[in-house]
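**Q** Following the hints, position chain W against chain B.
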Amino acid sequence: MRLQGRTIYAGIAEGEALVTGMGISFFGGVDPETGIVVERGHELEGQCISGKVLVFPSGKGSTVGSYTLYRLKHAGLAPAAIVNAECETITAVGCIIAEIPCVDQVPLDALLSGMKLRVDGEQGCIMAEDHR
Amino acid sequence: MLDGDYGRAAQKAMQILVALGKIYGAERMIPVSSVQIAGVSYDNLGEAGLQFLDEMAQGGGRARVLTTLNPAGMDTENWQVLGISPEFAERQQKVIDAFARMGVMTTCTCTPYLVGNLPHFGEHIAWAESSAVCYANAVLGARTNREGGPSALAAALTGVTPDYGFHQDKDRLPDATVQVDATVVENDDFGALGKAAGEALRKGGFSVPYIAGLEGASVENLKSLCASLATYGGIALFHMPGITPEAAGLAPPGKVITISQGDLDLVRQSMNDAQIGEVDFVSLGCPHLSIREIARIAELLEGKRVTKEFWITTARPTKQIADRLGYTEMIEAAGAKFAADTCCVVAPIKGRFQAMATDSAKACYYAYAKNGFRTFLLPFDQVVEAALR
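Protein chains in written order, with the numbering used here: chain B, 9 to 140; chain W, 645 to 1033.
One thing to keep in mind: the hints can contain errors.
What the hints assert, rightly or not - Calculated lysine-lysine pairs in the BS3-like style (CA-CA distance at most 25 Å, straight line):
id, chain 1, residue 1, chain 2, residue 2
1, W, K994, W, K738
2, W, K666, B, K68
3, W, K994, W, K1014
4, W, K1014, W, K952
5, B, K68, W, K994
6, B, K81, B, K68
7, W, K1014, B, K68
8, B, K68, W, K847
9, W, K952, B, K81
As the list claims (entries may be wrong) - Computed, partial: chain B to chain W, Cβ under 10 Å:
id, residue
10, V27
11, V72
12, L80
13, H82
14, A83
15, G102
Stated by the list, open to error - What follows is a set of in silico ranges between Cβ atoms, one per label pair, in the way DEER data are often shown:
id, chain 1, residue 1, chain 2, residue 2, range
16, W, D815, B, A83, 37 to 45 Å
17, W, K1014, B, D117, 35 to 43 Å
18, W, S862, B, C56, 51 to 59 Å
19, W, G1016, B, R14, 24 to 32 Å
20, W, L762, B, D39, 51 to 59 Å
21, W, Y668, B, A83, 28 to 36 Å
Think of the hints as simulated: they come from the structure by calculation, not from any bench. Note that CB positions come from ideal geometry on N, CA and C, so glycine has one too.
Next comes chain B alone, as it looks inside the complex (with noise of 0.2 Å):
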């Protein structure tokens, strides 16, 4: 499967998707020392983002947030790469400055935590496996 969206930030990433219908707010809503998302009530509560194609409808929350993708990211914590619905700043500035692959306008229904997908911020698009 084959979907097309838009770039945020280049690059190549592959790994195991983690999706939520949610939000997510950076700062205050993951752990920068541990990739864990702490948000109470969030649906990925406990779950660890590191190393994965981290999918959410949009980012939410402090501005901050963009420097904590940039903490995890140097701490080799950061997800794998990002794929949203509609990207908006904080997650935007955040990719960028910590040069994680990101795709937006990609419909997100298609896409289940556990896939193994490879997102591709060069053509801005994303490759899942079919079988499910």
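**A** This is chain W only, laid out in the frame that chain B set:
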């Protein structure tokens, strides 16, 4: 710049601006003449933010236009007196040094328009600091979106910003009328109005209010209103007939939100969760004080002695005027402390006090949310009295 011909920092900066332009549908970049950068306090930035700024400075980043800084986490000269740890001071100074290496003016204030970063009507600028953004758009009639720390830095290092949002005429038109049927005179009244209106506007999905019913407002009143509207409503622009420059010729929108005296009393109650006897911290200067306000504090404190920790927060250049005029000496003789370059919102004072008295609705929000203080909102003169009580 995007190809790296101007160095790695300028390239990264342009990547940020191109991505934002794409997200918000901008068709082109436009030159800006002034930048205000937020994200200066080490308390908010942390080690990652410092690392990023260092990387940009090392990558040859250089401000191409007049660029000033938001408050830092401490008074850069007087931090020991304010109880800041040497470790924090060392990291904070590194942040400021990284900006200085990039040619940024390290003014460290949320009121850059009071100390020389003063854009004129219609000028395109790229400012962060939500209260200053609102002041620049509404009161000065300059044009800026609400930038974050990295996007403002990106504008400084490139001299451009994507052309969308408040840079364009169509997004500057009012979408709701706020009719004020209440007495609004002092800074704290304007702050309460900002909270009441801001929350109602956010709930209704409105972004540019036309505020009617006010007879006048000082620069100090307006900076208080701007800070509160931005904090509680995410408002970056308003119009006020007879006071702000773009209001003339605009018709009040048909959607009307009325703010009554009762509404103001209610929001005031929500910010007064302390008793006056519990107050152990007093702070004036959110946003940073003007020289007129410092003169008033000096007058009220002359020959008296404060009994509480009392911070006077302002821009370094404003304090230097106060030094020259003798106000600093009068204020310090009374036992109050100047905290230039910083404020009670961004300094690392979480949990240090029980309850804070202030005239700022914005300060009430962050005192509670960030620092765990209860708050007491009072008129300016009564805040000074609370410190003497």
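**Q** Confirm or reject each hint.
**A** Hint check results:
As the CA atoms of K994/W and K738/W are separated by approximately 22 Å, the hinted pair is consistent with the 25 Å bound. Proposed proximity of K666/W and K68/B is supported: the alpha carbons are some 18 Å apart, at most 25 Å. Annotation: proposed proximity of K994/W to K1014/W holds, straight-line Cα distance about 7 Å (limit 25 Å). Using a Cα cut-off of 25 Å, the hinted pair K1014/W and K952/W holds, with the two alpha carbons roughly 21 Å apart.
For the given pair, K68/B sits about 24 Å from K994/W by alpha-carbon distance, which is consistent with the 25 Å threshold. Proposed proximity of K81/B and K68/B is supported: the alpha carbons are some 19 Å apart, at most 25 Å. Using a Cα cut-off of 25 Å, the hinted pair K1014/W and K68/B holds, with the two alpha carbons roughly 18 Å apart. For a cut-off of 25 Å, the pair hint linking K68/B to K847/W stands: about 17 Å separates their Cα positions.
Among the hinted pairs, K952/W with K81/B is inconsistent with the structure: their alpha-carbon atoms are about 44 Å apart, more than 25 Å. Proximity of V27/B to chain W is violated relative to the hint, the smallest CB-CB distance being about 21 Å (cut-off 10 Å). For V72/B, the interface hint holds, the least distance from its beta-carbon to any beta-carbon of chain W being 6 Å, beneath 10 Å. Given hint, L80/B at the interface with chain W, holds; its Cβ is 8 Å from that chain's nearest Cβ, closer than 10 Å.
About 7 Å separates the beta-carbon of H82/B from the nearest beta-carbon of chain W, less than 10 Å, and the hint is met. The beta carbon of A83/B comes within 9 Å of a beta carbon in chain W, closer than 10 Å, and the hint placing it at the interface holds. Nearest Cβ of chain W to the Cβ of G102/B: about 9 Å, under the 10 Å cut. The hint holds. Checking the proposed 37 to 45 Å range against D815/W and A83/B shows it holds: the Cβ atoms sit about 39 Å from each other.
The given range of 35 to 43 Å is respected by K1014/W and D117/B, whose C-beta atoms sit roughly 37 Å from each other. For the hinted restraint 51 to 59 Å between S862/W and C56/B, the CB-CB distance of approximately 52 Å keeps it satisfied. Distance hint check: the CB atoms of G1016/W and R14/B are about 42 Å apart, inconsistent with the given range 24 to 32 Å. For the pair L762/W and D39/B, the supplied restraint of 51 to 59 Å is violated, since their beta-carbon distance comes to about 42 Å.
Taken as a hint, the range 28 to 36 Å holds for the pair Y668/W and A83/B, whose Cβ atoms sit roughly 31 Å apart.
Checked against the numbered hints above, the structure violates hints 9, 10, 19, 20; every other hint is satisfied.
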